[in-house]
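Visitor: Residues in the sequence shown are numbered consecutively from 49, following the numbering used here.
Take the hints with a grain of salt, since some may be wrong.
Have a look at the derived ranges for each label pair, beta carbon to beta carbon [what the hints assert, rightly or not]:
{"#": "1", "residue 1": "I151", "residue 2": "F238", "range": "25 to 35 Å"}
{"#": "2", "residue 1": "G275", "residue 2": "M308", "range": "47 to 57 Å"}
{"#": "3", "residue 1": "A97", "residue 2": "A234", "range": "46 to 56 Å"}
{"#": "4", "residue 1": "G275", "residue 2": "S152", "range": "42 to 52 Å"}
{"#": "5", "residue 1": "L194", "residue 2": "F173", "range": "50 to 60 Å"}
{"#": "6", "residue 1": "I151", "residue 2": "M308", "range": "42 to 52 Å"}
{"#": "7", "residue 1": "I310", "residue 2": "A90", "range": "17 to 27 Å"}
{"#": "8", "residue 1": "S152", "residue 2": "A247", "range": "30 to 40 Å"}
{"#": "9", "residue 1": "D230", "residue 2": "T100", "range": "10 to 20 Å"}
{"#": "10", "residue 1": "F63", "residue 2": "G88", "range": "19 to 29 Å"}
{"#": "11", "residue 1": "A214", "residue 2": "G277", "range": "20 to 30 Å"}
{"#": "12", "residue 1": "W65", "residue 2": "D190", "range": "33 to 43 Å"}
{"#": "13", "residue 1": "E176", "residue 2": "A90", "range": "45 to 55 Å"}
Hints were generated in silico from the structure; no laboratory data involved.
Using N, Cα and C, we set each Cβ at its ideal position, and we do this for glycine too.
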Amino acid sequence: MVFVSVNAVLFVVFFVWPAVIGLGYSFTDYNGVVDPKFIGLANYFELFADDTFYAALGRTFLYAIVAVPLGFVLALSMALMLTSPAAKGRSVARIVFFVPWLISPIVTGVIWRWMFGENFGLANFVIESLGGKAVPWQSNADLSLLVVVFATAWAGAAFNMLLFVAAIRNVPQSYYEAASLDGAGAWHQFRYITLPSIAPTSFIVILLSSLGAFKEFATVQALNGGGPGTDNNLLVQYIYTNGFQNAHIGYASAASMVLMLILMAIALIQLAVNRRTESRR
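Could you build all of it, start to finish, from the sequences and the hints given here?
Guide: Structural data, given as structure tokens:
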């Protein structure tokens, strides 16, 4: 009972109370200096009339659509390698795979900026050494977003890998033995035994990855600052720019409330899909 009470207090202090404060600020012109003045829904009207907001929202959706499946496949592939009886050097591989998750998101962004810098990056150095032309990794918006996708997928795959490893190891070995006796190959065993058995874990991975994608900030900020220009500004960067750089805290709070509703909608949709899928089994 005490443990539950402590968790409830922490939830209220670090989630509910900040959300209530943010909701209150979203109806004001608060700039962090003078006392806030109530302005009703003006911030929301301004937000939904801002093309920059829609650009950031669209870029965030695009980033999530690409990054979540890539991270899922990467994490599952790593987990399959670590749980395969035929794999060698699994202890070393486990450490190598897990290292990116231990690195700060800021450091991850800096590392990938060094690798894909246009004038000093390792990737362009190799390309030019082979006689090719330097690739505009930073000045091309699509390539810049692609680098962000790979950087965040690389950094976040380790945690999801651990979830998959635990789920795969919980699949009864007798299932695979029976399938082998029936002549099922590795692909059929993976498709009809492994994937269905780890479906609950897959749901958790997709849910957490989707929510994380919409909250991504640190790696993007360190890697390219949302560049070139503001072409790759994700929604959290849009909120950060308006709230901390432009001191429009009330306006940024309104954008934060919209982001919270989007995150809640994503979670509810995925929960509904998962329940429907479970009921059909």
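Visitor: Against this structure, judge whether each hint is valid.
Guide: Consistency of the hints with the structure:
The given range of 25 to 35 Å is respected by I151 and F238, whose C-beta atoms sit roughly 30 Å from each other. Range check, G275 to M308: Cβ separation about 26 Å, and the 47 to 57 Å hint is violated. For the pair A97 and A234, the supplied restraint of 46 to 56 Å holds, since their beta-carbon distance comes to about 55 Å. Checked against the given bound of 42 to 52 Å, the beta carbons of G275 and S152, roughly 21 Å apart, lie outside it.
Range check, L194 to F173: Cβ separation about 19 Å, and the 50 to 60 Å hint is violated. Checked against the hint of 42 to 52 Å, the C-beta distance between I151 and M308 comes to roughly 28 Å, which is inconsistent with it. Between I310 and A90 the beta carbons are some 21 Å apart, a value that agrees with the proposed interval 17 to 27 Å. A hinted range of 30 to 40 Å for the beta carbons of S152 and A247 is consistent with their spacing of about 32 Å.
Take D230 and T100: their Cβ atoms lie about 58 Å apart, and the range 10 to 20 Å is violated. For the pair F63 and G88, the beta carbons lie near 26 Å from each other, so the given range of 19 to 29 Å is met. Roughly 43 Å separates the CB atoms of A214 and G277, a value that falls outside the hinted 20 to 30 Å. At roughly 40 Å, the beta carbons of W65 and D190 sit within the given window of 33 to 43 Å.
Judged by the Cβ atoms, the range 45 to 55 Å given for E176 and A90 holds: they are separated by roughly 52 Å.
The structure shown violates the earlier hints numbered 2, 4, 5, 6, 9 and 11.
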